[in-house]
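Trainee: Chain residues, written in single-letter form:
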Amino acid sequence: MSKSVSKSVKPIKIVVIGSGGVGKSALTLQFSKSKFFLDYDPTIEDSFSKSCYIDNEMARLDILDTAGQEEFTSMREQYMRLGQAFLVVFSVTDRKGFEEVDSLIQLIYRVKDREAFPIMVAGNKIDLQNDRCIDQSLAQELVQRHQEFNPYCAYIETSAKTRLNVDLVFHDLVRLLRLYNAKGGSKQAKKSKCSLL
Amino acid sequence: MAATSGPADKEVPAAAAAASAASVATFNTSPTLQSQEGVEDFSAFERQLSLSQSIGEELRPRLHRRNQFIFSRKTALSMDQCPLAPASWSQAPSPTPLQSGTAMAVHSHSGSDTGLLLADSSVSRIASRIAQSMDNVQKRRSVTDSNHLRVLHDSLTSLTHRITGAPGSQESLPADQSAASPGGAVASLTSLSQPPQVHHVKSNSAGGRSRKKTKDNRDKLADCLRLCEHSSAMPKPDNQEQLESLGLELEPSWDRVVAPENTTTAKAVKQQAAIWELLQTEVNILRHLKTIIEVHMTVLRHLQSSANLLADVSSDQLFPGILPVFQAHRALWTEHLQPALVSARQSGLPMRPTAFYRGFTSFREIFAPSAQYCLRIAEAKDYLKILEKNEVFADFLKWAQRVSQRNYNSEDGAVDLQLGSLLTMPLQRVMKYGLLLQEILRHTEDGEERLALESMISHVTSFCNELNSTYRAKCDQAELRGVADRIEDAKLPDWIDGLGDETATVLESYRLNLMRPMPHNGQLRRRISEGDVRFKDEKGKWNDAKCLLFTDLLLLAKSSKRNSLRLLRPPLRLDRLVLHKLSDPNNSLLLVALTDFGSVDCLMCLACDSQKATDEWSDRISQARILLAAQLQQQQQQLQQQKTVALQPSAPSLQPQTSVDAVRLRNHHQQHPVHQQQQRSATVAIATSSYSTISSNSSQQLHYTRSSGDMESLLTTTISVTHHHQQQQQHQRYTTHLSSFTDVEPATIDSTGTGSVGIAAASAVSGVEDQQDARRSSHV
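So the sequence lines, in the order shown, correspond to chains A and B.
Residue numbers are given in this note's numbering: position 134 of the first sequence equals residue 158, and the series is strictly consecutive.
Residue numbers are given in this note's numbering: position 768 of the second sequence equals residue 769, and the series is strictly consecutive.
Treat the hints as calculated values from the structure; they're not laboratory data.
There could be a bad hint or two in this list.
Calculated cross-link-like contacts (lysine to any residue; reagent style SDA-like; alpha-carbon spacing at most 25 Å) [claimed, not checked]: (1) K475(B) - I180(A); (2) K57(A) - Y409(B); (3) K34(A) - N410(B); (4) K34(A) - L222(B); (5) K386(B) - P175(A); (6) K547(B) - I488(B); (7) K382(B) - S470(B); (8) K382(B) - R134(A); (9) K34(A) - S98(A); (10) K386(B) - R100(A); (11) K613(B) - K207(A); (12) K386(B) - E123(A); (13) K547(B) - D137(A); (14) K214(B) - S316(B); (15) K582(B) - K562(B); (16) K207(A) - D137(A); (17) K386(B) - G448(B); (18) K57(A) - L251(B); (19) K386(B) - E172(A); (20) K271(B) - G448(B); (21) K382(B) - S98(A); (22) K57(A) - E252(B); (23) K562(B) - E139(A); (24) K547(B) - L583(B); (25) K237(B) - R288(B); (26) K57(A) - K271(B); (27) K207(A) - T186(A); (28) K382(B) - L106(A); (29) K613(B) - R527(B).
Every value quoted in this text rests on a predicted model; they were computed, and no experiment measured them.
In isolation and in its complexed conformation, chain B is listed as follows (with noise of 0.2 Å):
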């Protein structure tokens, strides 16, 4: 989550250095990376390149496999497999020095910073096909993240234009950078970790340069400010209108509203106190909300517009949906809130609970809206700490803060009108409402009041767990991610070494991938749990290693320097994993997966510092296991049910074909018993290809037709996945499938031709879900 771009001004004078060193290099600094480390793994890369270069031609293609791995492995934005770096590796020219060098420097603002270095002539041929490639991804990302990818988009389209615009891109080099990679045009993107004024790369020289810049664009914004000021030129919000008849002014207390006379007891007096404390903060979010559009975003984009500064910051960034908030806050207070003030203003008459009734009833339909922005708040404050660096931004927030204090009254007290605090305030406000309607049915003595107040705060409090389970489900999906893209597999660059080019792109699409839904249920995997353990190894020796508790699974790794995590042994499934005790002085912890004929398939033996951390592990684990043993159990009696139903006839539902046809396929191997062998393997080549394609690409329709030899029955598996949430349902409709496979052959493997193939193929995966598949395939 911590979506901070690395210190790109320490980072890209070293990408530009090594430009000047070698030509063809690539770059790939992780957020924490110092630029020490960004230089070490970008040298080693560098090498790896040479070695290329000297060696030949063949060996390029393995290298290149590599790299891929590298890219997919650490950038955030390839979580799959992102095309970013084959692409822009196959539009590399030949692998002779060249005599210019560019280099790219990339800043993703989703979570890693990727970096290229590359070698062409024609940078805005690489440019292009990083902004292809880009819409590719975005295509594939989820909606949240391709608003990032968007924007990074739309930066690579303006680099484009502007290389292939103005060959001069060299202009705005510092005259030793050119000096040091001749011909060679250095383009720094930094489009949204870094304010405009460090938009080119920084060295010592540029520094003054720089500097100088920074100057000029804060007297330029002083002087746009200034005029700013007075309020009759200010620039107007769209909304303005709405802005201004919120009618915000309200009397200092309530019993200015309500006449004395008519609040008898001391539980009445409580009550309206409690309800004006209700108007008042309400009028207090809206006079926030209003400051930070009037104030903050619509000068910003003013600024923008009319004198191009700040022009990098995105204002969807820095207030992702603050209107949708405003008219919720809007509709709560003009509709229902506001007119029960009024009534009360012109009675005198005290107000009564029951006035805002319909409002919080309805208020998820009202505060609905507002969602997406408690969801981004997160990374619009990172972002706002990104650009709080930038120093025309600071002066800006500085001057906003000043001018907002017009919107509050003098007696409010000091506000704490800092646009990091502002940001936060509608968040806050909305899980505000249920303390604040429980202080005013404290006060509320009718009964009818009563009710009415506890069906408000049901509708608040309901819509709050709501907002706080989505919000966890986006966290957890960007720890999983967080972890899924350090995850690295030890042994299989060995093996590509060792088997060949072959092998290599067969075992590449068989990566574990944590971010694919998990077999038994389609749901994402979350973890656990991450810690230190102390690992024993075949040699009884003991080492430092990761241990990583996900929803399904275990997996025990080293964490090396540059944060990657490398996997010590293939991921254990936790329904297939006993826990035993050991009783020897480290207190250490045996951990054996079972093959499925009850034999040790991977052994563990783990152990913590102290006796409670290793109790503590045992315990989560186990706890997991019984959780996953429900669910997996759940599955079970859905499957049963649906198969059921599915060799029911008449069952309207769950493709009746596939039965019918499972019954045809009986009779055929009955008659047939000569091509049974044959018929076997393809029905496992089938399974194992249709389930894999499944699980690593939704596409709309896959077409399985299978004809074996002069039977001529034909089965016909049509699936159709017309959407991503859809998939959990295919799954199950898949499973069905399969089970019906089962029915038809309760045999063993055979090792016919494909059907080794297939099985072969499904057991190199890693990734758990097609191991299940592949497990799923021996039963065939």
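Extracted from the complex, chain A is given alone in its bound form (with noise of 0.2 Å):
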């Protein structure tokens, strides 16, 4: 079913960053596979792409897991570029990831030249409570920030281990990127700040 649909809806690019270890795989892992890994959890995702209804209306999610490649930054900009939508990942768990979501938000604002963007940020390994370092209040303290200026921008919290909120991480993304394309999101103000890139 879904073959025939993909050919006709354009498919949506989303980036997944964030810093090592944050369980960026994991998210996408469980979206991407229906099935639980019983003896052992793939390291990697390739890039792959999904149909699935939203809203009642079909869209084709084409994924980008960026695991590994945090340490080499000057790369980063290299698949950023193709992003359409992102989802920048954090774990509650590290405290040193949370303070580098900022950094990614402006680096995507940066490459993009915009000022908004469809930004979802994601609090991971909320199942490991015990070891939670990072409140939401401050995750969200963080997003309503960007939100001053990018109303494209939500807070969620996940677990890729208990599968809590998964679909709808991805799902809300897309739904902040149709708002984004609705209000003419390619013609919205370019950033000022540095006309180079």
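Dock the two chains into a complex; use the hints.
Mentor: This is how it looks when you write it as structure tokens:
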């Protein structure tokens, strides 16, 4: 079924970014595969395509997982340029990863040369409540700061392990993108700060 | 980096229309320019030229020079003062109004677009002349960029052929176009950026024609592709045997290969699964590469050669070095991974990570040839983006995506088979080995195996790190070039107007060139930051400006409509800069550039919108200063060492001849104090001229002979620059020469003829390097 439909739908390229070890691949894998892995969780996921109905409208999602590339910062812009929407993942058990979220979002604005862009921030690993060091309010605050000028930014808490909000995070991102496109997102004010990129 | 060529179909009509209005004109649009601005830009130029025609011949040289400025500033082709503009100008015949106008739009792929609109009855002469100039530029440019130029050159050559071969190039013109420029031939060259069917100038009436042509081509393509579709009729790639013999059929899971009784512990099970993931994903990447080569590249080439479809698509640009990438993965698979799998299949024993040891410890050797791909992939994808607008090409991509499915098992799930995604995969793959090996390590208990894995991981990551820094250097350079191309000196045109043509000629060689290596270590500077600031002018009024911080200097510029940067202040050397925070309500920042004597050389007062932004700038500048100071100190120490070595008579390196001469020179001075003055000036002249020659031109050998009067003392300085990369070394050597001069003459500047000329020329230099040189000369 999905095959015949997917041809007519323009794919949406979603790029998953975040620090190393926060669970980017885990989230992506959980979303891509319906089956669960009993004895082994794969480490990586090649970019893949998935079609699904979101708000009664078919969407084809091409998802690019950037695991393993965190260290190689110069290549970052390479794959970020591909993205039409971004999933910025951090782990609620890792302060360093959370601190990088802001700069990653800034980088998106810079690479896309936009002041607003569809960005979903996901606080992953909330199943590990005991190790949690990033409060929900802290993450909310960060996203609210961005929402002041980027209405297409939202925060959600996930757990790839328990599959909590895994589908929702991707679906919401598509909703943000649709909203963004409906408001003529691509024609929105270009970022004035840097005219070079 | 955004190497998107402008919308040619909009620009070209503008050019063509203007061609009819004035027969001599030049237009140039940067990629971001809309056609509107393009016209403005163009008409300003046109005015200038008609002015030149009415005023007369004497003004022309000056305007020409201005035009050169415009060209070398704005075109990516002319980073080193491309001879393109002057050459074509000198070819243009008399300034009398011509009946025929000829437009040529040249779209360079490397960044900005260059448009030339030339008046000449023989287009071919100009075209060949440009082609020649391209050759010259190409020789000077780096290897990576020369590829763009090569393609550009090729297309120019084909233009020449087309025009010389057929005066009937008018045929390709829509009727109204020919009428608008009577007797003129309009040839648009959109070699790279435009699909073939919009190859000629588009106008309203041309639209229908081009649409029809597109439709014809699309039909033709559909026919060809239908033929290709059957596997038997698929065009065969050159390396078909290699592609066929990969053995990509893999069992669905590792426990079909390894007997369950051989993996007893949970750890061992996970280890086998992790190894299986490595194999599985390697098979996937090989499938992707196979798809790119088989379905995209081979069929594209087949279409080009057999049906002359998509003839303008450069497969080398679209798939930059995909074959070396394939070879690398193939080598890793067939020589290292597959054997382990085969032996496990035979024995049923678990696969051992040590089996891959050789493969990953020689990772660099295997994957080094694929590095080029990773470095060029950004350009390839930009190119792809442009191509996707071509309907015929889009049809081809759609077909390829459908046919690609054959290379994948249906149970693999949906793979993102768009060419853009496929092209990104090899780059991503290289960076994922570390992660996969790490995962195997996590489930490995055996000490020996762990050691082997750690070593493998370190080999892989060091290769990736290297790739990362190479890529970064490349981006930095592109970024720097982007800025350098936009820089324009606000004062220089005024000086030229005020001081006359001779000065203009002299000053032209002293323009700020950011691409020139930094004087203190011969490396390329890097842009650290660029941002909007406000700055207080002499009258105490706040103005908007752009502040650009580089590794060794600071620029304050005003960005103009055309996205160019007009310098408001001469470049400020960071090591001569002092920073003061003022306590006024604006939180402004006072930057003072000091002279060698500690007095104020240049002054600026900056402020940003917020206190935070101001603080950021202040921090950034301070950090850059500290970094530069450290580098300078290091350089100083090195020089000191070299000087000590050079002054030892027995030292074999560093041209002992120089020090001997220096000593001889000193003796002469003591004997002939009368000639001291003369000699000094000559030394200064040599120092100045030779240094600027070196910095501007890496010529093979510079031979300076200086004789002064009856003394007949001869100092020969031979500096050989064999290769660009040696420039740093050479720089040091030269600095040593200068130091030896300084040893000879620790005097102040004199004002005799040659000396003053030398110094004046050097101090007029806006390039930092030469400024330093000027200062150094003044020490002599």
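Trainee: Checking each numbered hint in turn, tell me which of them this model violates, lowest number first.
Mentor: Structure breaks hints 1, 5, 9, 11, 12, 15, 17, 19 and 27.
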